[in-house]
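Line by line, the protein sequences are chains A and B. Sequential numbering from 1 applies to the first sequence in the working numbering. Sequential numbering from 124 applies to the second sequence in the working numbering.
Among the clues, some could well be false.
As the list claims (entries may be wrong) - In the BS3-like style, the derived pairs of lysine-lysine whose C-alpha atoms are separated by at most 25 Å in a straight line are:
(1) A:Lys117 with A:Lys2
(2) B:Lys385 with B:Lys415
(3) A:Lys2 with A:Lys56
(4) A:Lys95 with B:Lys338
(5) A:Lys2 with B:Lys338
(6) A:Lys56 with A:Lys73
(7) A:Lys26 with B:Lys249
(8) B:Lys375 with B:Lys339
(9) A:Lys56 with B:Lys375
(10) A:Lys26 with A:Lys2
(11) B:Lys214 with B:Lys268
(12) A:Lys26 with B:Lys415
(13) A:Lys73 with A:Lys95
(14) B:Lys339 with A:Lys2
(15) A:Lys26 with A:Lys117
(16) B:Lys214 with B:Lys249
(17) B:Lys214 with B:Lys151
(18) A:Lys117 with A:Lys95
(19) A:Lys2 with A:Lys73
(20) A:Lys67 with A:Lys26
(21) B:Lys378 with B:Lys415
(22) A:Lys56 with A:Lys67
(23) A:Lys95 with B:Lys378
(24) B:Lys415 with A:Lys117
Stated by the list, open to error - Residues from chain A shown here face chain B by an in silico Cβ test under 7 Å; the list is partial:
(25) Glu12
(26) Ala18
(27) Tyr84
(28) Val91
(29) Ile94
What the hints assert, rightly or not - Stretch-level coverage of chain A by chain B, calculated; a stretch enters the list once three of its residues show a Cβ under 8 Å from a Cβ in chain B:
(30) 57-65
(31) 112-118
Think of the hints as simulated: they come from the structure by calculation, not from any bench. All of these numbers come straight from a predicted model, not from anything done at the bench. Backbone N, C-alpha and C define an ideal beta-carbon position, used for all residues, glycine too.
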Amino acid sequence: MKPLNILAIDDESVICEACEMVLSEKGHTVTMRNNGSDGLSAIRQGAYDIVLLDMKLPDMDGMQILKIVMEEKPGLCVIVMTGYSSISNAVEAIKQGADNYLAKPFTDDELIEAVEKACQNKK
Amino acid sequence: MISSANFEDYFFVFRDIIRSVHSSTSLKEVLDVVVQKSTEVLNARGAFLRILNPETNQFEVGAGFGMGERYLHKGPVTTEKMLRDPSELHKVLIITDIWHAPRVEYPQQAWDEGIRMMLDIPLAIKEKMLGLIRIYLSEPRTFSKDELDFIVTVAEQCTCIIERVRLTENQQAHFTHLATQMEKMSSLGRMAAGIAHEINNPLGGILLFSSNMAKKVEPGSFLEKGLIIIIRETQRCKTIIQGLLEFARDKKPQKVPTDVNKIMATAMGVVQNEFYLRHVTVEKHMAEDMVKTLLDENQIEQVFINLLLNALHAVEDHGRVTVQSTVVPARNSIQVEIADNGCGISAQDVKKIFEPFYSNRANGTGLGLAVSYGIIENHQGDIQVFSEPGKGTRFTIELPVVTDPANGKENA
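Use the sequences and the hints to build the structure in full.
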């Protein structure tokens, strides 16, 4: 798999750091942002292959960010992450255009698999 | 001596009793009228109406008339002396020798009070004794058949009134219990949703790091062992929290006309393997005339899976689980029953079984039955448990047969 440029947006820095560690070991580059507005400006400025997006951020709703991404960068691959491990949340995010869904807590393998699947689907 | 009362007097006594039944809201007031009027019309010294308290197995004074305070406080009256012979439940017992009658527990006190004769009229429904009217007389006399008939009829009236009041009280207690239960569950649900989200985040960190580290340590080492335990336990937390969220979410059921037998078949398919591995047989008696009703298939399936797994855990290997469905036309409902011949649940535990976090299993979350209870409640149904330790447990679910004419859907 070719190295990807990944943006992780989560106010829980432990999640960002863990994602960074797991994915960088696979050769990917991970940029971390801890709130919605920083995350959104990173999306607008940078060229990312995948965004790992938490649904509950201190300043913005993840769903709101997802909508903006779909409008501004419809080709961008988004994997949503949430602590509310419910199917209805996942369905809603997928309906809004997210490519995959991770229910916290998830393992490194689940993260890698989600990233690979989302990438394949985009191709 | 023969009683001087005539039929007119009896009629007035009945009239007064019936009036008090209709005008009074208190059982005590009605019973007061009964003892007073009966005493007067029979020209007796006094009367006590005692009601059996099933918890203490003692007779408690429900109403009294004409007797001294001292006599009233002589002590408890126990059932053993009163209930020697069930065949005596529906007739008047005349006690002329109060010193030697086994039913008279305090002969000395009675004698001191000037009592020389007693009449015992049990208040009974079939074989069940609810209480007793005892009429006290200052001197022995004979009673005509009409008089005895009158006394028995008054007792029958009293029995009906007491039973009716008991039923109402029981119903009220049941509703109060349900209301408290609901309140407890909904506040807990709100709290659970908040906690679940907060906990999933730190768990996310733990699981990502531990699952990643487990790959980096030497295979078979203590470190790997420890990390595998951390991973497993974190995933267990995840399951518990998922259950909690499931419980907390006040999800409106997505109801479609469904055959409950089909849902049961799907649920049994899910757990089939587990049953097979434990050599537990499942007996099915599904109603062939089952009607469709509006149900959320996923939610009801979840309830069935919960109950089937509970039954499986309750029985030893080679146990037996019985599944049954019936149509109850008289109540316009359907009933599903899941029973096992397993270890059973103690009466004390049965009371708490639908409460969240109540579990007897080491790895149980205590949410399965609480969630099931909520789901059946959301279907306007009823779930009940009957259990006997050592013999088994039976869960019954009753669901109303509902059609949805607005959408043109039929339940046939």
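Right, here's what the structure says about each hint:
no. : hint                   : result
1   : A:Lys117 with A:Lys2   : holds (13 Å)
2   : B:Lys385 with B:Lys415 : holds (10 Å)
3   : A:Lys2 with A:Lys56    : violated (30 Å)
4   : A:Lys95 with B:Lys338  : violated (35 Å)
5   : A:Lys2 with B:Lys338   : holds (22 Å)
6   : A:Lys56 with A:Lys73   : holds (21 Å)
7   : A:Lys26 with B:Lys249  : violated (81 Å)
8   : B:Lys375 with B:Lys339 : violated (46 Å)
9   : A:Lys56 with B:Lys375  : holds (24 Å)
10  : A:Lys26 with A:Lys2    : holds (10 Å)
11  : B:Lys214 with B:Lys268 : holds (12 Å)
12  : A:Lys26 with B:Lys415  : violated (53 Å)
13  : A:Lys73 with A:Lys95   : holds (16 Å)
14  : B:Lys339 with A:Lys2   : holds (23 Å)
15  : A:Lys26 with A:Lys117  : holds (15 Å)
16  : B:Lys214 with B:Lys249 : holds (12 Å)
17  : B:Lys214 with B:Lys151 : holds (24 Å)
18  : A:Lys117 with A:Lys95  : holds (17 Å)
19  : A:Lys2 with A:Lys73    : holds (21 Å)
20  : A:Lys67 with A:Lys26   : violated (29 Å)
21  : B:Lys378 with B:Lys415 : holds (11 Å)
22  : A:Lys56 with A:Lys67   : holds (14 Å)
23  : A:Lys95 with B:Lys378  : holds (22 Å)
24  : B:Lys415 with A:Lys117 : violated (41 Å)
25  : Glu12                  : holds (5 Å)
26  : Ala18                  : holds (3 Å)
27  : Tyr84                  : holds (6 Å)
28  : Val91                  : violated (13 Å)
29  : Ile94                  : violated (18 Å)
30  : 57-65                  : violated (count 0)
31  : 112-118                : violated (count 0)
Taken one by one, the earlier hints fail for this structure at numbers 3, 4, 7, 8, 12, 20, 24, 28, 29, 30, 31, listed in ascending order.
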